[in-house]
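Colleague: So the chains spell out like this:
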Amino acid sequence: MKAKKALSRFLRWETMLIVLLVVLWLVFDAKDASLQAARIAKGRRATDIFNFTNMLNGMGPYLLYSFMALGMSLILGMGDIDISVGAIAALSASVMGTVYGPFKKAMSPGLALALALLCCVMTGAACGFLNGFLVTRFRELFPMIITLGTQLFYRGFCYLLLGGDTLQYKDDAAWAGLKKLYSGSVSIGGLSVPTMLIWFLLLALMFFVFLHLTTGGRRLFAIGTNRVTARYSGIRVDSFELCMFVICGVTAALSSMFYVGSVSATVRADAMTGYEMYAIAVAVLGGFSTGGGKGNIVGVVLSVIIFGVMKKGLGTVFGLPDSTVNLAVGLVLIASSVLPNLLEDLSNWRRVRRQHAEAKLS
Amino acid sequence: MKKVLAIVLALVLALSLMSIATAEKAGDGLTIGIVYKQSGNAYFQAGVSGFAKAAEELGFEFMHDGPEDSSNDGQERIIRNYIDMGVDVLCISANDAAGLVDVCNEARAKGIVVLSWDAKVDAEGRDLDIEPASAKAIGVQQLESIAETMGYEGQLAIVSAGATAPNQNLWISFIEEELKANEKYAKVEYLGVVYGDDDYTKSYDVTKSLIDKYPDIKGLIVPTTNGGPAVAKCIMDEGKVGQIKMTGLTLASDMAEYIKGGVADATFLWNPIELGYVTAYVGVAMANGEFEAAEGATIEVPGFEGLEVIPSDDGGLILYLNKLNPFTPETVDAWIDIL
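Same order as they appear, the protein sequences are chains A and B.
Each residue of the first sequence is one higher than the one before, counting from 1 in the numbering used here.
Each residue of the second sequence is one higher than the one before, counting from 1001 in the numbering used here.
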């Protein structure tokens, strides 16, 4: 009964996200049509700005933080938070760029890149480990404060490695493969689908299986619901939580590989500043709350798409400045975190009224 | 569905616009997307006002935006939006010269003209870079200004930034070359360069010892924005206003009180409004196919002379305005909020 109720609640949230997506799409499409009409009336060629092909091909910038959002979902599901993922990504990329040069001198470029990518992932894992260690070892401190500290530490480390320079390996075929990683596409049924989207969906599938179909996922939500109960039910809370932080760090490192490709295969110490906030926003809109214990990866995937569509639509057909787009995104985020509570209040109020009515009848 | 709606709306709008006759302008039907380093930055707002001035004359439409965090990926996002929106020209002031090459080349592959202005996009990602002034023009204009103030005679020295500062050293080499080569500076006695290391106190101290050593000195060139106010303050403190004049590259806001106090007849910096104005003219001409960015190509822009495309140090093409903006006692106030 309870499971059924929980299932229906998740379904309802995901349904609402789909409705939101459709509404946004229709609004942008209509606005686009009126824009084109205005252009034609002025005797100018019409350019279809907002359509499925453009959106699909232009998904790149909005997928960069999606990998982190998956990792963040695990952390939020346990009732923790990690605001250092942007800095972890920057550090992973910085390490990757720094070691590639010496590696290349010692071996073939392909092997050097493979090792550099490994170093990138290892850096992410190590940063995640440090976060997890500190969070589980010092329970009296908020994860928010701990990861604020590590965020500054990791970011400072980037500047130590790179200073103010931009690192770039010009005309290096192996390194340029990172560009392909970001902007490559495969043809599926006549549509050119970004490979990045496929990577994201594959990773999301893995996270879905883990979170919703294995005992690991049930443990995670148990910890998020009540850490003490979870411990007494025999879950090794600390080591489990530590593992999740490591996974979160690795997703940040994965994001950074694509990010490097997105900016013409360059590495800078100030890369991906603020991405942790996007990752949290996506996960929260997807249905994960900072309170922990609930959420669904399907919602996160939908939320990634919604953020992309919303940012793209507001930035293009509505012509809002990039900095103003965040205002609208913020509003949706506030609404999405408040709405479930309001709905719950409403259903509680209804139940109480029904009980009152039943009491009167009897 | 969308098409039908578009056509119906188009007809309605077309009818309503029918009565308005419009003159043909070079930029009619063109859209320029301007991308700068950061939103809310007064320098770039001034640049955009130059585009706006050109838009009135040429009739093109323009959009402008910059990321709030001066990031690479923010600029990439904006450029992608502008590509989708069908701009004909992109004018980019890049936060990172190398980081935007790919997205710029995507734009060029779609037939969009890509210009960089104020801060370049690397040579392989742009059609043309448009910059305020060449190193030679910057050097020579400062020399000519101070020499005129001095009546082309007397002692002259330079208070520079650090001894290894590449820009300053390049400008100074052109100043020294011009001093030797040009007859009209024959009576100017050049004392050499001292270094204030872009530090207020050090700049002040080296200026003071310079004045102590050469009590008859008449002119100082300060080719660094960080040194200007310190040198000016020193001249005032030493009671030499009137005898010693300075010029240099300075911000208006730093120097307004000194310029109005008589320490300098004019100091200089490039003018973002003119930079935007010329960039717009170049963009329109290139989009119309009337002008091609090639070595030696020249373009006519109202109020400018000798605009010529030359090879740049990074292997690409560049066009200099070679016009610095003077801050004089009369004009400096208008610039305080911009530079």
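If you are wondering where the hints come from, they were derived from the structure by calculation, not from laboratory data.
Where hints are given, some of them may not hold.
In silico DSBU-like cross-links for lysine-lysine, where the CA-CA straight-line distance does not exceed 35 Å [as the list claims (entries may be wrong)]:
1) B/Lys1233 with B/Lys1202
2) A/Lys31 with A/Lys179
3) B/Lys1053 with A/Lys42
4) A/Lys104 with B/Lys1233
5) B/Lys1037 with B/Lys1233
6) A/Lys42 with B/Lys1037
7) B/Lys1202 with A/Lys170
8) A/Lys31 with B/Lys1037
9) B/Lys1213 with A/Lys179
10) B/Lys1184 with B/Lys1213
11) A/Lys42 with B/Lys1110
12) B/Lys1110 with B/Lys1187
13) A/Lys31 with B/Lys1260
Derived Cβ-Cβ restraints for the label pairs, each shown as a range [stated by the list, open to error]:
14) B/Pro1302 with A/Met277: 43 to 49 Å
15) A/Gly43 with B/Gly1040: 48 to 54 Å
16) A/Gly156 with B/Lys1240: 56 to 62 Å
17) A/Asp171 with B/Pro1311: 52 to 58 Å
18) A/Gly184 with B/Lys1260: 39 to 45 Å
The beta-carbon is built from N, C-alpha and C at its ideal position, and this holds for glycine as well.
Colleague: Hints broken by the structure, by number, lowest first?
Modeller: 4, 7, 9, 12, 13, 15, 16, 17 and 18
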